[in-house]
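Colleague: Just so you know, the sequences run in chain order B and Z.
Residue 77 in my numbering is what sits at position 77 of the first sequence, and the numbering runs on without skipping anything.
Residue 160 in my numbering is what sits at position 160 of the second sequence, and the numbering runs on without skipping anything.
Read the hints as simulated data drawn from the structure, not as lab findings.
Please note that the accuracy of each hint is not assured.
Said to hold, decoys possible - So, partial list: chain Z residues that the calculated Cβ filter (under 8 Å) puts toward chain B:
(1) Gly-84
(2) Glu-85
(3) Arg-86
(4) Asp-170
(5) Glu-171
(6) Met-173
(7) Val-174
(8) His-176
(9) Pro-179
(10) Asn-180
(11) Ser-184
(12) Leu-196
(13) Asn-243
(14) Leu-245
(15) Glu-247
(16) Arg-249
Where a beta carbon is used, it is the ideal one built from N, C-alpha and C, also for glycine.
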Amino acid sequence: MTVYQASDLRKGLKILIDSQPYVVTDFTFTKPGKGQALYRARIKNMLTNRSDEKVYRSVDTFESANLQERKMQFLYNQGDEWCFMDQNNYEQVTLTSDQVGDAKNFLIDNLEVSILFFETTPLDITLPNFVELKITKADPWVKGDSAVGNSKPVTLETGYTLRVPPFVEEGSKISVDTRTGEYLTRVK
Amino acid sequence: MSALKSNLWLRARIIQSIRGFFIEQGFLEVETPNLISAPAPEVHIDLVATQRGFLHASPELCMKRLLSAGFPKIFQICKCYRDGERGHLHLPEFTLLEWYRTESDYRDLMADCEAMVRHVAGGLGCGKTIQYRGQEIDLQTPWDRVSVEDAFVAYSPISLQEALETDRFDEMMVLHIEPNLNKSRPVFLYDYPATLASLARLKKGSPDKAERFELYMGGLELANAFSELTDPLEQEARFRKENDLREKRGRERYPVSDKFINALRDMPPSAGIAFGVDRLVMLLTGAEKIDDVVCFAPEEL
Chain B
1 MTVYQASDLR KGLKILIDSQ PYVVTDFTFT KPGKGQALYR ARIKNMLTNR SDEKVYRSVD
61 TFESANLQER KMQFLYNQGD EWCFMDQNNY EQVTLTSDQV GDAKNFLIDN LEVSILFFET
121 TPLDITLPNF VELKITKADP WVKGDSAVGN SKPVTLETGY TLRVPPFVEE GSKISVDTRT
181 GEYLTRVK
Chain Z
1 MSALKSNLWL RARIIQSIRG FFIEQGFLEV ETPNLISAPA PEVHIDLVAT QRGFLHASPE
61 LCMKRLLSAG FPKIFQICKC YRDGERGHLH LPEFTLLEWY RTESDYRDLM ADCEAMVRHV
121 AGGLGCGKTI QYRGQEIDLQ TPWDRVSVED AFVAYSPISL QEALETDRFD EMMVLHIEPN
181 LNKSRPVFLY DYPATLASLA RLKKGSPDKA ERFELYMGGL ELANAFSELT DPLEQEARFR
241 KENDLREKRG RERYPVSDKF INALRDMPPS AGIAFGVDRL VMLLTGAEKI DDVVCFAPEE
301 L
């Protein structure tokens, strides 16, 4: 386990405070010329998502939070439960809608994602950068219809709506960038 | 890049203007060694050590020796080094302006600050006010003077006494006092607790206070000044105390310069000040962070 000094604090560092994992979301170094250095950090509890403002001194130390990323496969969604399975040991884990967040727009059966664990508790989900999804609803393309403009709204199999070029038809598969939520290309 | 470019042009003009001001006032510009064998031990300042001594954290000791050697008014603009200090207002290598005058005390330095900053701002065409990040700062003199005692009563949730006893003075300063000081005018925060000024003279009639002040402008700490301690025995004892405090906090003791201690015997009553040049440039260029007013930050090397 790594031990950090207050002077190691920086944005994105994950540390353990009172046995809970926190991520540093903002950080400033202050020091009156002749006085002692104070490290002001904004930290977010990764279990509760609650943010807090803390002031540390150079003598303060922290342990790194024991976080682990595991590759998992999406199985199903039922109400508030989103179920995933570790393909190595078939262990299943359930995340809430809140934990899944915007990722639900791109979750289709069997999609392989990466889930961040604190000990045995799942914290967060990271999708592949690009996901292929089927268009379930789109207005047909009328050649020469200038009113449509350069894009039209479509609905995907997950219920997510986005804008695509007018020539993309209902029933076709497209690749979406999960980081921006935007259309990338048609897939054969 | 273009913002940095214009800032570097302004930086050069500001430094030339500072120089012009002190030369005009009859100060001698000096250059003391940056590589020294013994610093002024201070509990919260860590030095950059080299194979042959330390890079100075301030030219203070050598400049005071020059006062003892018979130079009554001296100034210096130089790089100083403080290990581990890095933030939006801190660089481990930064530029200090220091000036010293004999037969003077800290009140004379307040007047110097007022005249020097007005001279530099005037030279840039700022007139009697400057704008710093949306904040107008009125430079009309006299600038505000607030004692540390009054500032604690006005802004700190705990008393000055309690802050000192619980080692929370700096915390109260950073979190509660500095953010509440008047930003529309420069402020001299003066008369620091005696324990927080290892090179300053104690105030006549109130030995619990030292004749020390800090200058704040637009929320930035710009300068630290004091009436100088000239008693060699007292100075030696205070250095020992600072080294003891360093040791207590798990930091190394620093060697003490006998030549400096001995020189105090010949030092006239004097006052001296360290003024952050990078921060003055920030203030006059509207820069948000110190990186924006220097050629390269350490991470860029």
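Colleague: All the hints need checking, so say for each whether the structure fits it.
Modeller: Now the hints, each set against the structure:
1. Contact between Gly-84(Z) and chain B, as hinted, is supported at the beta carbon level, the nearest pair being about 6 Å apart and thus within 8 Å.
2. Taking 8 Å as the C-beta cut-off, the interface hint given for Glu-85(Z) holds, the closest approach to chain B being about 6 Å.
3. With its C-beta approaching chain B no nearer than about 6 Å, Arg-86(Z) sits inside the 8 Å limit, and its interface hint holds.
4. Interface hint at Asp-170(Z): satisfied, since its Cβ lies 4 Å from the closest Cβ of chain B, which is below the 8 Å cut-off.
5. Checking Glu-171(Z) against chain B by beta carbon gives a least distance of about 6 Å; that is within 8 Å, so the hint holds.
6. For the restraint placing Met-173(Z) at the interface with chain B, the shortest Cβ-Cβ distance is roughly 5 Å, inside the 8 Å limit, so the hint holds.
7. Checking Val-174(Z) against chain B: minimum C-beta separation of about 5 Å stays under 8 Å; hint holds.
8. Taking 8 Å as the C-beta contact cut-off toward chain B, the hint placing His-176(Z) at the interface is violated, the least distance being around 11 Å.
9. Below 8 Å, beta-carbon pairs count as interface contacts, and Pro-179(Z) has none with chain B, the closest being about 11 Å; its hint is therefore violated.
10. Annotation: interface hint on Asn-180(Z) violated; nearest CB of chain B at approximately 15 Å, more than 8 Å.
11. Violation of the interface hint for Ser-184(Z) is found here, the shortest Cβ-Cβ separation to chain B being roughly 22 Å, above the 8 Å cut-off.
12. A hinted interface residue such as Leu-196(Z) counts as satisfied when its beta carbon comes closer than 8 Å to some beta carbon of chain B; here the least separation is about 7 Å, so the hint holds.
13. Because the beta carbon of Asn-243(Z) sits about 15 Å from the nearest beta carbon in chain B, more than 8 Å, this interface hint is broken.
14. With a cut of 8 Å, the hint placing Leu-245(Z) at the interface with chain B is violated, because the nearest CB-to-CB distance is about 11 Å.
15. The restraint placing Glu-247(Z) at the interface with chain B is violated, with a minimum CB-CB distance near 14 Å, outside the 8 Å limit.
16. Given hint, Arg-249(Z) at the interface with chain B, holds; its Cβ is 7 Å from that chain's nearest Cβ, closer than 8 Å.
Violation of the numbered hints given earlier is confined to hints 8, 9, 10, 11, 13, 14 and 15; the remaining hints are satisfied by the structure.
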